[in-house]
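With the hints as constraints, model all of the structure from the sequences given.
Same order as they appear, the protein sequences are chains S and C. Per this note's numbering, residue 1 is the first one in the first sequence, and the count goes up by one each step. Per this note's numbering, residue 1 is the first one in the second sequence, and the count goes up by one each step.
Keep in mind that the hints were calculated from the coordinates and are not lab data. Be aware that a few hints might be false.
[As the list claims (entries may be wrong)] Straight-line C-alpha distance at most 27 Å; calculated DSSO-like pairs for lysine-lysine:
1) S:Lys544 to C:Lys166
2) C:Lys166 to S:Lys195
3) C:Lys199 to S:Lys225
4) S:Lys484 to C:Lys166
[Said to hold, decoys possible] Pair by pair, the computed Cβ-Cβ distance ranges are:
5) S:Arg385 to C:Ile79: 54 to 60 Å
6) C:Ile79 to S:Glu725: 31 to 37 Å
7) S:Glu274 to C:Asn201: 36 to 42 Å
Beta carbons: idealized from backbone N, C-alpha and C, even for Gly.
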Amino acid sequence: MKLTRRNLLKKSGQLAGALALSLKGFNFFDWSAEAQEAEIEKAPTLCNTCGTQCGAWAYVKNGRVWKVEGHEEDGRSQGKLCARSHGGLRWVYDSDRIKEPLKRVGEEEFEPISWDQALDEIAEKLQDILHEYGPRTVGFGHYPRSTGTFYGERFMHALGVSTVCTHNTSCNAARNAGFINSMGGVPDADLANSKYVLMIGRNHGGGIRTDQMKKVSKALAGDTKIVCVDPRQNDIAKLADEWLPIVPGTDLALVLAISNYIIEEGLYDEEFVEEHAIGFEDYADNISRISPDWAEQITDIPADKIKEIAEELGGNRPQAIVHPSWGGAFGAVYANSDETARAVSCLNALLGNINQEGGLIFHPTPELGELDSDKHPAPEVPDTRRADGVGVMGEFPLAGDHGLPHYLMEKAKEGTFKSMFIRHHNPVRNFPDYDHMAEGFKSLELSVVFEINMTETAILADYILPECSFMEREEMISAVGGPKASIGMRTEVIPKVYEETKSFDEIIVELAERLDIGEYFNFTLDDLNEALLEPYDISLEEFKEKGSMLVDLEPPIGETDLNTRSGDFEFYSEVYEHAGRSAVVGWQPPAVGMNIEEDEFRFITGKEGFHSHTATANIPSLAQITKDYDTNRLWINSSVAEEMGIEDGDKVKVESSLAAREVRVKVTERIHPGTVFMPSGYGNRTPYYEKSQEIDTLNPNDLVPYRTSNISGHAMRQEALVTLEKV
Amino acid sequence: MSEGKKNRRDFIKGSAAAGLTALISGTALSKSEVLAADGDNAKKALLMDNSLCIECQACRVACQNENEIDVEYSFIKFISNEVGEYPEVEYQLRRKSCMHCPDAPCIAACPVDALSEGKGQFTVIDAEECIVCGRCQEICPFEVPEMGEERMYKCDACQHLLAEDKEPACVNTCIAYALDFGDYEDMLEKGQERVDELKENHPEANLYTADYSEGEYGLLLILKTAPENLDLV
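Structure follows, in C-alpha cells:
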C-alpha cells in the first residue's frame, strides 16, 4: 500500500480511537505531554460550533485534533475563529458522544442496536406511516447547511414529503420575512464604509459571525458613528458611540417615527422612491400620524433623540444604515417582529442605500455546479400540502419554507402529524415552552434523530442514529456570498473516533435503499463534489487539500433591480394583501408588555459570544468562562434591585405565566429598569451533559409560552412578563 | 490605595532608570540582551486595543489550546468596570495578562531560575523547573502569576510560535481585530496613533504603560480610561 498522509493519519487515528474507547477517564493533558514531540499535520475543515461554519485548519497531533486556526481563504472566518470554535473541537472527544445506534425502550431509556436493525425498523415503520396516513404526516427538521439540505430534502422529496423545517422560526424568520417581502432578500451591511449606523438589537459580539464582526471592528475603529438601540447595553453597545435603551418590543414605534419624520422633513431619497419603489404614498399615508412625541411615550427614547437619529440618517444617506440585524430585536422575538423588520427595510429604502457603498449590498453567492440530471435524476418536488401550514390559506400563507417546528408539535399532540426526522437541530430545547415541544415530540409515532450528542431532542426520540463528528467526515462543498465570497468544504481531518458512527449522507443512502428510493442516490459524495466544483479550475483532490477558496465577484454597486415580484422596492405588498395582512407597514404592539403592572418586568434574552444556544454548555473550556466570569445570571437594573432589596449574586424566583424558576442575579446599570435579561446558553435538560450541570440555570424557553406569528410563523421568543421575588 | 498598587507605581517609574543604569555602568548583560544588541532578539510587543474588545474570549481558548493548559487556568483574563448610572453608564475593560516587564522582577525573584527573558524579550517560564513557591506571584506588580498544583501559569507570548516566525495565538485569532503583534517601536507608534484618535471622544485615553514609564513593556494596552479605573497605576 502506498504510504500517503491520509493513510498515516488513519493508522495513528485508529490507535487513538481505540485508546479513547478503552480508557473512559482519558486525560487530554497527560496525552498531550507525551504527544509534545509528535509530528503535526494540518487539514482543512469548516467549523461546526455555530451556523456560520467558518473555514478552519485543524491541527492533528498523534491522530488527535489539537487546535484550530482560521482559514485565510474562507469568506466567513478570514483567518479568525471565535472561542466556540476553539472549544468546539472537544466535542470530538466528548465521552458522552453517541457511539452506536440506540433504540428507546422506556422513558429516556435506550438500548444499543445494530445499524441493520435500526435502519430496517425505521424503514419499515416509516413505510407503514406513509402508507396509512400519507406523506403529509411526515417531516424533516434540521439546521440547514449543504449536506443536510441536499440529502435530507432529496430523501424526503423522493418519499413525497414536503414538510422540511429549519430552526429559523426561533432565530431570524421575521427579519427574513420583512426584508424578503419588501426588498427581495436580506442584504449585507457595508459597515466599514458607512458614516452612520443604527443597530437595533443586533449584538455582533454575542451572536458572532466572524466576517460581520470584522466589519463592526473596522467601523468602531474608523469614522463610522454607531448608535445601538437595545434594552441592554450589549457587547457592541458598550463600545459604540451611543447606547439608547428602549422598552422591549417597541422598536417598531421607533423605526416608524424616524421614518415618518424623514418623510415629513423631506430627508429621504426622492429619486430612489420615485424611480425604484412602489406604494410609497400608501406607506407614507399609513404612518403619517406616528410622531416622535408619540414614540417617546411608547419607547422611552426622547422625541428629540428620535429626530436627531432621523436627521443623521437622512444627512448621511446613502452612507447610512439601519442594520438588517439577525435574531436581535426583530428576528423571532415579538408579535410585531415581522412588521419591525419590514419597517426597517422600508426605512433603508427611504435612505436610498440599496447597493450603494456604505449602504446595504446584495453581494452575489459563488456559483456551484450540479449533478448531471440525466445520469442522476432528482425526485420531483412533491405537491403534498405541508403539514406545518406554510403556504396554506387559513394557516401560514406567508411563512417561508423554513417551516414551523413548534406548530408541528401542536399537530403531533392532536395526532395529525406522525413522524419527524431531526438532524443537527434541537427544537425541543431551543423553541419556547419546553413542555409543549417535548409533549409534541413524544406524541410522534416515529421520531428519529441524527446526532453526535444526547441533546434534549435526542433523548426523547425513538431511534438515535450516531453521526461521526465534523472532524471525522467529508461533506458537500458549500458557497458563501458576501464582500469576500468563497467556496469551502469539510474534509476528513481524522478517521472515525467511534467505529459505529456514520456520516449523514451514508445513513440517508442506506435508508433510501431500504425504502426503494435508492435510484435517487446513485452517486458518491465525490461524484457530487466533482459536479459542484465543475465551474472552477481545480480538481477535487486539490480542493480537498485547500479546503476553502476565495472567489472574486463584483459587488453590484448601483444595481437597482431587486428580487421582488415587481423588481422594485415594495413599500406596498400585494402578497401581504392577498394573504389578508396589511399591504403596508404600520404600528402593531407586542403581544405582552404594553401595559405592565408595577411588579412586572419584560423578559429578554440573547447570546454570549462564547456559547452557541444550549449546545456548548457542556464544553469544558467554554463552561469555565461562564464560571470564571459568573455570567449565567439574570441581569437586573441597579436602582430597581436596590428598591427590592436585591443584591448582586442574590437568588431570586422568576415567574412567568408558564413557570417559576430560581436564578442568581447580576445587578447592573447596563439594563433598562423595566426589563430583565437572561443569557440563552444554559438550562440543559439532558442528563448526559455532565459538565453543563455545573453551570446549570434557567433557560429562557422555560418561561416563554408557545406562540406563533401570523406572518412568518416565528416563535416569539421574548413575549413574556415575569415577576421577581428574593429567595 | 493598597500597598500593592503603590509598589506597582514605584516599580513602573523606576524600571526605566534601572535599565539605563544597567547599560551605563556596563553591568553584565543577559544572554538575551546580547542577542538583542546583535539584532537577533529584537524587542517585540503585543498591542491590545481595549476599546475594540468584545470579550468574546476567543483569545483565551485559542491560548489554552495552543499552550495545552488545563481549562481551569487562563493566561488571558479581563478586568472590567461599570462607571456612571443608567443610562449614562460606561463600560471599561482591559486585558489582564503578563505585561512582560523590562528587568522583570519575577525573573530576579525566581529561586530556581525557571523564569527568564526569551524570544522577543518576553518573560518566559520553564514549567518543568517551576517549584510553585509563589515568589513571582508575590513580587509581580500586576498580580498576574496564577499558581497551579505543579507550575505557575502565565503568558509567554507563545514562544514556540515566535520561533517559527508566527504571531501569538491570541493575536492570530482575535475576531475583533483588537490585538496586534510586532516590533516594539512599531507597536508603540500604532498604539500612540490610536490613542490620539480616541482622545477626541475619550480625553482620558492613554497607552499603558508607555504613557507612564520609559520602560519597554512587552504588552501595550490602549485604554479609553485612566489606568486607575482598571486596577492599574
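Going down the list of hints, with the structure as the test:
1. Distance restraint check for Lys544 of chain S and Lys166 of chain C: the Cα-Cα separation of roughly 25 Å lies within the 27 Å cut-off, and the hinted pair is therefore satisfied.
2. Under the criterion of a C-alpha separation no larger than 27 Å, the hint pairing Lys166 of chain C with Lys195 of chain S is inconsistent with the structure, at around 35 Å.
3. A C-alpha spacing of about 16 Å is found between Lys199 of chain C and Lys225 of chain S, which places the hinted pair at or below 27 Å, so the restraint holds.
4. This hinted pair checks out: Lys484 of chain S and Lys166 of chain C have alpha carbons roughly 24 Å apart, not beyond 27 Å.
5. At about 58 Å, the beta-carbon gap between Arg385 of chain S and Ile79 of chain C stays in the expected band of 54 to 60 Å.
6. For the pair Ile79 of chain C and Glu725 of chain S, the supplied restraint of 31 to 37 Å holds, since their beta-carbon distance comes to about 33 Å.
7. The supplied range of 36 to 42 Å is met by Glu274 of chain S and Asn201 of chain C, whose beta-carbon atoms lie about 39 Å from each other.
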